[in-house]
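Asks: One-letter residues, chain by chain:
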Amino acid sequence: MDTILETNSVYKIYQSGNISVTAVDNASITLRKGEFVAMVGPSGSGKTTMLALIAGLLRPTKGEIIIDGKDIVKMSDVERTRFRREKVGFTFQANNLVPFLTALENVELMLRMNKRYNRQTAEQAKRLLVRLGLEDRLNNLPSQLSGGQQQRVAIARALVHNPAIVLADEPTAALDSERAFQVVQILSELIHEQGKAAIMVTHDLRMVQFADRVIQMLDGKVARVLDSRNEIEALAAIGQQQSPTQTLPAPKPKETIPTNPLPFPIPALQPIGD
Amino acid sequence: MAFYLAVKEILRNRGRFILFSLVIALITVLVLFIAALAQGLADANKEYLEKLDAELIVFQKNVDLSTAASRIPRDKFNDIRRIEGVAEIGPLGFATASIVSEDKTTLLDVSLIGVEPGKPGMPPALEGQPLRSPRAYQTIIDGNVAKQTGIKVGDRIRIKTIVGSDEKFHTLEVIGITDGRQFFYAPSIFVPFNTWDSIKPQPNQNGLTVEGIANVVAVRVESGESIETVAARIQSRVSNVEVVDRKMAYEASPGYQAQQGTLNTQRGFTLLIGILVIGGFFQIQTLQKVPQIGVLKAIGTSNHSIAVAVVLQIILVTILGVAIGSIGTFLLTIFLPDGIPILLNGTTALIAISTLLLIGPIGGLVSVRLALKVEPLAALGM
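Quick note, the sequences are listed as chains A and B, same order. In terms of the numbering used here, the first sequence opens at residue 40 and continues consecutively. In terms of the numbering used here, the second sequence opens at residue 314 and continues consecutively.
So here's chain B without its partners, still in its complex pose:
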């Protein structure tokens, strides 16, 4: 009965309900877009660290877990490796560089990451070969680099770094392509740690430089060992270091929390607006239907049927709106330029869509209450 009434009313007032579904669809697009933007920006910042094949990351002490500020000298590598429970370590160096064309114009700014071949931190080659030679001018590129530039395995690329105030150019052979491994809002290229050490940007060409200093050290913990225990051991036995897990490392990235907090606040407010809009629409509609609801109750329709009919309408309209909005957002993400950091993965979309489907019934609760409060006496004008 409730389903019959709910569906008949929607079908006979298609225009009004479709129009409202489109409003819900727009709210859905906004919520999904913000969710995708948050995910895209987060990935652009943390993707490499999140996928790192190591449980712990060793930073220099008192640098606020900043990868750029942290310095771990080579002599500490062995100290860390010797700690009980450490299976493997890999020094990591981070810098920025640009891939340039033959005429030296910048094609793409990238994160230049130095990794030890075969050690934690080296990304797997999904295509081509992994890095093997410790000093070769070879690189594995992030899938995003390949996507944005069309570079293939076997190509030779030129990269530009700044040493002092001079531009320095280096040629690297692309031997492999890995999956998305962005770091600090740029896609990455990976080179052997020693190669990175010699081509990385330097503040001063003639200044004193000490070779083999990594920014951080990735630590793989032996299976069966407690990560927290190993982290505590490293921190107590190696001087001047701070050890954290991957999540804490990327959450400590500059601006990460502020950025995600801002986007989540926007998403929350959009959902709140959604609740208010849906609630307002159905409340006005219920108020307009007071005489009709009064007649239905007077002729014997139960409160239960009235409430279920209202809720069903809200659910059906919300489902339609969310479906239209989801398809719209999907198309939007396909046609948006690559530069916009939008990432709508399954989990993000599922969470956002589930939340959106919930806001309908939540928003409509007021109208259900209103409908239940209508007295059948209203039919008699009393």
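Only chain A is shown next, with the shape it has when bound in the complex:
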């Protein structure tokens, strides 16, 4: 498998006077094409900081972060902004969408930002939303969408411009259990179908069942990497025990979601030039 992401001995140390706090401590991870990785850990374990470092929103104190063959640590701010625009797809916990743009316009935004908006790509954006079950919501504003629908629009936006990597920060935090499962399930499916790579930061252990690998963070360190199905299912079961009131039917990704079959080879966009 091709390596999409490689972090080598990454540190993020915050210094305030004589006090220093190590938010990320010697973290080395890899992510391959077609892989959906969950990053879990308690609050303060450094998982969101790690995501911010991978996204180029923060500069590491030390270490290398190589995405798609390029070390983003060596890039200038302007270069990193451009890199995020072209190579990274994002979903966030909340305030995901631009409130004055419709669902379709929010997805098309990535195409416009990358100067790749045309009739063909606009049609692909529409098909992606249809694929995510939002055919009736294309022209709705975010305020007219439920939390789950907003997350699905964000997933479409994260994928439409053919990024190298998708980063999802707590995509289920604001959702009820049923919608949370749906959102992560469909994100996982699309990542696998399109051969993308994704990292999802989550505090909800139940969601790891959709991941190919699980990275457990603790005190800023990569404490454990789970890559066997049994280990991942066991962790998901622990999550299920921690949320007994939110039990759900065992997920059957292929049968329950998506409701709409994929009508086209997704999304067959041309890679963006440097």
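None of these hints come from the bench; they were simulated from the model. Be careful, since some hints might not be right.
[What the hints assert, rightly or not] So the derived list for chain A, only partly shown, Cβ under 7 Å to chain B, looks like this: (1) 96; (2) 129; (3) 151.
Ideal placement from N, C-alpha and C gives every residue a C-beta, glycine not left out.
Using the hints, position chain B against chain A.
Replies: Chain B in isolation, oriented as in the chain A frame:
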């Protein structure tokens, strides 16, 4: 991209942006109204002197350039005329009078100005005939008089002056109408200097009066001569006179500087209020949009695009507000009564509108700075 974001946000939040445009429109009305009032009042005071067909005005010395207090006796006319570089002179007399109806009720208070026919100071007749006869009871009226009273060329008007404590009435034939030539906050009527001398208000009917005393003398300088040099020559060779150019003459009018200063201060404060209001609005809006701006930056929108979008919004909203306000002010000036000295000419309006268009971006600079300072990490709640 920036234009797309700016316009989409405005279109999707029409109510909010239109409401704010109306606030800018009200500020525009206020600024333009004050500018028009300043111009109108200034014109009411200086219009005649500003349009005078002479470069220099000779006042009596030590009267603080007051046309009412200044006295230039007839013997000085020739002294001034003989100065090298003087092409032509025209004695001017200023007084106040009233145009009255048949039953002697006042129709309009006017400035009664005596001018020498054919000499500097005589206004051109845009309609009818110019003054020719030096002693005729004929008049050329200011366009404002015609507008406010409906008097036409060929009409005979009665004017009232006060001599001692008595009212004196005189009949004048209107032979011409000139353009706006107000003086000392009243529209003017022009009569031959000698006629003016005999009908002007007098403090005492039986007192000693000396004929042919002008208030000031208008001097036209020969072409090619330096105005300053000629002014200096007159001042050095003619005793007891002070020579100034037109601008200095009307700026020295009683209250002119204070009035214009007050109105300009008001205009300045209104513009300052405009800057603060626009700045405040966009600052609050930017603060509300911090998470949204954070997301936009996180997904790769450049600082440049964010800043341009903010500035474009400010410019578009300001243009809309100023346009509405300008149209509103224009309608206001049409429907206001004639008595209110409002004058919105092209230059005044252009300066005011340009200033108003500038206050938007100036006021919005703070919000641009705020928007640029938003960290994309805000999208991750960090």
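Asks: All the hints need checking, so say for each whether the structure fits it.
Replies: Evaluated hints:
1. 96: holds, 5 Å
2. 129: Check passed: Cβ of residue 129(A) comes within 5 Å of chain B, closer than 7 Å.
3. 151: Status holds, d = 6 Å.
Checked against the numbered hints given earlier, the structure satisfies every one of them.
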